[in-house]
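Colleague: As they're listed, the protein sequences go chains A and B. When the first sequence is numbered by our numbering, its final residue is 112 and no position is left out of the sequence of numbers. When the second sequence is numbered by our numbering, its final residue is 225 and no position is left out of the sequence of numbers.
Everything labelled a hint here was simulated from the structure, so no lab data went into it. All residues carry an ideal CB built from backbone N, CA and C; glycine is no exception. Just so you know, nobody snuck in bad clues.
The calculated BS3-like cross-link candidates involving lysine-lysine, where the alpha carbons are at most 25 Å apart (straight line), are:
id, chain 1, residue 1, chain 2, residue 2
1, B, LYS183, B, LYS163
2, B, LYS156, A, LYS69
3, B, LYS156, A, LYS3
4, A, LYS69, A, LYS3
5, B, LYS163, B, LYS139
6, B, LYS174, A, LYS3
7, B, LYS174, B, LYS156
If the Cβ cut is set under 7 Å, some of the chain B residues that face chain A in the computed set are:
id, residue
8, GLY154
9, PHE157
10, TYR160
11, PHE203
12, GLY213
13, GLY217
14, SER218
Here are the computed distance ranges between Cβ atoms for each label pair:
id, chain 1, residue 1, chain 2, residue 2, range
15, A, LEU107, B, GLY197, 19 to 29 Å
16, B, GLU153, A, ALA65, 21 to 31 Å
17, B, GLU164, A, ASN13, 46 to 56 Å
18, B, LYS156, A, LEU107, 17 to 27 Å
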Amino acid sequence: DAKTTQPNSMESNEEEPVHLPCNHSTISGTDYIHWYRQLPSQGPEYVIHGLTSNVNNRMASLAIAEDRKSSTLILHRATLRDAAVYYCTQMNYGGATNKLIFGTGTLLAVQP
Amino acid sequence: NAGVMQNPRHLVRRRGQEARLRCSPMKGHSHVYWYRQLPEEGLKFMVYLQKENIIDESGMPKERFSAEFPKEGPSILRIQQVVRGDSAAYFCASSPRLIDGYTFGSGTRLTVV
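Isolated chain A (complex conformation) (with noise of 0.2 Å):
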């Protein structure tokens, strides 16, 4: 199964942008990354996937390292909405699965 690191925990202050950071090492051409955010006693969201290039949406932005093995999720300006745990994953549409594997993802706290 695919594997993405990301740090336990981060803080951020309101209205100040954040950065979190994914490594997924072992990534494979066909491998897409997603960035999923929960909220306590509620469903994953989706938040943003891409492939290779940079990308943008209402919520977040991607950066996507040139050699893939790295991403970051952008949010420009915190808000206290946006405390939840964010998890990277990957998913590989080359066969006939597309199973997203979470792992223990990123708790973010922000600071009023």
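Starting from the known structure of chain A, fit chain B onto it as the hints suggest.
Modeller: Structure of chain B alone, referenced to chain A:
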């Protein structure tokens, strides 16, 4: 467009009973996934289904657990003869295509007493 609907939200079962967890994917989504989250642990993949077919059940315990996604109706995760170790949050997710992100439901919290 309603999101992924899971019911019940909370389910209490005595040891030895059966638990049936239901998941209605988003409209237009034909791929369904079930995950389990034990207390203070991460999300563990259980099974991936498309209509009437189990595609990948590599995360399902070999005994007592089964899943289906019939042509009509919701996907069902069935746990027979529940034990205390089955107490967990069970999440269902769906996606419209293989390359898309998942939409998760709010989960069913199973407590075995």
